[in-house]
Amino acid sequence: MPRYNPSVIEPKWQTYWDQQQTFATPHVPHGEKLYALDMFPYPSGDGLHVGHPEGYTATDIVCRAARMQGKSVLHPMGFDAFGLPAEEHAIKTGEHPRVQTEKNIDTFRRQLKMLGFSYDWSRELATTDVEYVRWTQWIFLQLYDTWFDPVQQKGRPISQLPIPAEIAAAGESSAAAYRDEHRLAFQSEAPVNWCPALGTVLANEEIIDGKSERGDHPVERRPLRQWMLRITEYATRLEDDLELLDWPTGVKALQRNWIGRSTGAEVDFGLVGTGQRTRGRDVSEPRPTGFPRKPDENTLRVYTTRPDTLFGATYIVIAPEHPFVGKLTTENAANAVKVYCDQAAAKSDLDRTELAKEKTGVFSGSYAINPVNGAQIPIWIADYVLVSYGTGAIMAVPAHDQRDFEFAQQFGIPIKAVVDPGEQVSVADREEILAGARVFTKHGMAVNSGHFDGLPTRDFQQKITAWLAEKGVGAQAVNYKLRDWLFSRQRFWGEPFPILHQLDDKGEKTGQVRAVEANDLPVDLPHLDDFKPHGRPEPPLDKGPDDWLYPVIDGVRYKRETNTMPQWAGSCWYYLRFIDPTNSQALVDPALEKAWMPIDLYMGGSEHAVLHLLYARFWHKVLYDRGVVSTPEPFQKLVNQGMILGENNEKMSKSRGNVINPDDVVQEYGADSLRLYEMFMGPLEATKPWNMEGVNGVFNFLNRVWRMIVDENVQSLCPHAAICDDAPTDAQNRILHKTIKAVTGDIAKLSFNTAIARMMEFTNFFTKQDRRPRVVMESLVLLLSPFAPHISEELWHVLGNKETLAYEPWPTYNDTLLVEDEMEIPVQLNGKVRCKLIVPTDADKASIEQLAHQNPRVAELLAGKQIVKTIVVSSSLINFVVKG
RNA sequence: GGCCGAGUGGCGGAAUUGGCAGACGCUCUGGACUUAAAAUCCAGUGGGGGGUAACCCCCGUGCGGGUUCGAGUCCCGCCUCGGCUACCA
1 MPRYNPSVIE PKWQTYWDQQ QTFATPHVPH GEKLYALDMF PYPSGDGLHV
51 GHPEGYTATD IVCRAARMQG KSVLHPMGFD AFGLPAEEHA IKTGEHPRVQ
101 TEKNIDTFRR QLKMLGFSYD WSRELATTDV EYVRWTQWIF LQLYDTWFDP
151 VQQKGRPISQ LPIPAEIAAA GESSAAAYRD EHRLAFQSEA PVNWCPALGT
201 VLANEEIIDG KSERGDHPVE RRPLRQWMLR ITEYATRLED DLELLDWPTG
251 VKALQRNWIG RSTGAEVDFG LVGTGQRTRG RDVSEPRPTG FPRKPDENTL
301 RVYTTRPDTL FGATYIVIAP EHPFVGKLTT ENAANAVKVY CDQAAAKSDL
351 DRTELAKEKT GVFSGSYAIN PVNGAQIPIW IADYVLVSYG TGAIMAVPAH
401 DQRDFEFAQQ FGIPIKAVVD PGEQVSVADR EEILAGARVF TKHGMAVNSG
451 HFDGLPTRDF QQKITAWLAE KGVGAQAVNY KLRDWLFSRQ RFWGEPFPIL
501 HQLDDKGEKT GQVRAVEAND LPVDLPHLDD FKPHGRPEPP LDKGPDDWLY
551 PVIDGVRYKR ETNTMPQWAG SCWYYLRFID PTNSQALVDP ALEKAWMPID
601 LYMGGSEHAV LHLLYARFWH KVLYDRGVVS TPEPFQKLVN QGMILGENNE
651 KMSKSRGNVI NPDDVVQEYG ADSLRLYEMF MGPLEATKPW NMEGVNGVFN
701 FLNRVWRMIV DENVQSLCPH AAICDDAPTD AQNRILHKTI KAVTGDIAKL
751 SFNTAIARMM EFTNFFTKQD RRPRVVMESL VLLLSPFAPH ISEELWHVLG
801 NKETLAYEPW PTYNDTLLVE DEMEIPVQLN GKVRCKLIVP TDADKASIEQ
851 LAHQNPRVAE LLAGKQIVKT IVVSSSLINF VVKG
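Using this note's numbering, read the first sequence as starting at 1 and increasing by one per residue.
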């Protein structure tokens, strides 16, 4: 009764692999190495969903095939285990987050093992492991100890930061403050996104439509002291180095877009009418000293990407948070401005987005002087200008910017066209544009721009930028959408910062901080009796016991930093720890790091296309600059597996009731069928719907393979009677070698669905053969083993082999065995297939043409027609172009 | 609004440099085996038309043009769906 029974053979081989440590990775690779990494999961309480095994199976196939091809393979798995759900569970139940987290990890580990992935489990880690936290904190100290040298474009030790003489002269505390200003990890008082429901501050990236990404709670803005990471310093390198990477172009585009590099010019506008006597500045008053690094108090600096439209600027807008708001507001306008700015401050991002249809703003009462023509234009305050981008102030050119146009129309501000669209639009549209009744944002030709008239936009931009620079009122400038990374959270279940705040005699913070010594790491989480958030922004760690909270070093009393790191922290570097997971002396042994990095294949969902990958690349570059790692980029090749939809073609979700549970599928069909089905559904990167009939289809295929090799009519497990030691026939060899070639190539292309189709064709052929040579069956089993490892091991065993097939040499193909003597090619008339022709495989063009004419059917088709031209494609087709 | 991706049978999907559209699987239909069913095996399965028949003809890869002996594939212009993103001057 040896029917194919996955529920017996799968656990059997999983136990075997475990006991034999089949997939233990050598410490140092010998020969060619492959580092294939899955984005590690967050161990949620729901367990694995069917999306996880998709990418995991793909990398597992690549790894298993690579081992058989003689490569040293590093294929580890771990858990991204800090984060909100465990903490929320703790708040509800009082159970420590670590307990819940470990339960969830146990479930995930069981499920992953059930699927037969060839991970080296001895390297398993969780970001919550105390020893792991130690090195996360260590990296933070590296960030804290690093400043970015803009000249070398490189992070360097803070001890090498040149201190300007005037600061050095002011004493060590000035120098210390100067250093703190330059560290990659620094504290800031900027307004942050405070989410009362979660009791935490969130990064911009964690807010969607003004609500928290997690939980969909409202978010408000508050000024708070936070830790920030200076990722913006690395913007240029993060963008440029994308070129080095074998990533999907879409993901590269997303990263570029997120970094958001834009080039333009900064331009200084002089101020008038601020009540005090200020000197206006115009064309006649160039600055002899050139464009200053920082504008003086009588100058408003704006950023524009369209300096060619300077002559069309009819007003200025500054952000409600701009430092000049108070200074520029006249007495008459004071009330209105105060009301407006208060409203803007209270607005959440949601409000700002929702009200996007209607622009709001208020006139400050002051005017600025346009440096190109001396025109005095009003200064408005409006929240469509962001204080955090550019200079927080813009020159508004309503004729050529959509937002400015809407604003000007709403407030009756003049609209002056300075770009002529010419032939690009209809005559009527052009007239409207030139009359200021319609907005035109593309390039064109300059008009109403003094002696620049007639210049195409691009030339004008160069000329005006040079002109501005010459007069000292402007300069070319680059801006990024990317902001510094808000790195602290007011939660319990995260890594504590290894930072101490010095306290004075009264127990107040002096403002001086010191890093915890690397030898004293890790800073472990303290015991807390109560996890409940109190609704104030002070972190839960403030409730930690005094002996943890207030260390004394050299007689000085300190208070620990009580913010914790965001969940991103642990996932920023886990790939390095897998290389050397138990090293207690270093984050990773440099020799091992050099041997295994970079990651050759990184597989995961496209939801991490921007943030995780950008943050990890940033940390990696800092570690690279500091000599900890040897490659400028961590993830050489990236692949996003597509989303798996429910059977109704909708996203899987509990509320839609269309969730497929891997446990159920494995119970009914086995892990091999689940793996095979997920690979057979369609292209790896495509979004595709689940279909249980399809699972049954691949299950049938595995049964057919089983019956091709195993004799089901006898009691014991032995080979099918058709299995023989004959040499394969030519026809059998052709199918075999065709299959080896196709499957090998398809695995390299990650085209697993077609590889499986080829093995199905093989099986369809050989189940009809009465003699099935053992060597041929063995080759098929080896080809199938990366996809369906359990059944393959079992069949390998049935065929008389004693050892695991995991390190058997991968089958090779012989091209000469593929060719047939004859082949059938189509005969076309005017490109339409009319009949088929049998020709020798090695026939040249002339003989194919000759054979075609000799063929009675072809002669019949050509009868009474004039042949204009004959096209022969060698070993492909023949096409007659005919008339009549 | 912006960026990216995709439209091929009843369904999931295949198709080197442009070269036989629909591989492979599912579904469905018919047949064999069986007391019967399941399982298995065999055959058929894009639409339409013609022939007793081996066969033959027409249409067909979202829509409309174009290039070419030949277009699912290349070019131009649209439509639809999905994902991401959104006042970044």
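By construction, these hints were calculated from the structure, which means they are not laboratory data.
Warning: the hint list may mix true and false statements.
[What the hints assert, rightly or not] In the DSS-like style, the derived pairs of lysine-lysine whose C-alpha atoms are separated by at most 27 angstroms in a straight line are:
1. 654 x 637
2. 845 x 832
3. 802 x 832
4. 845 x 252
5. 33 x 559
6. 594 x 252
7. 103 x 749
8. 865 x 883
9. 688 x 252
10. 211 x 651
11. 442 x 359
12. 836 x 865
13. 327 x 338
14. 71 x 832
15. 688 x 594
16. 832 x 252
17. 506 x 559
Against which earlier hints does the structure fall short, listed by number upward?
-> 1, 3, 4, 5, 7, 14, 15 and 16
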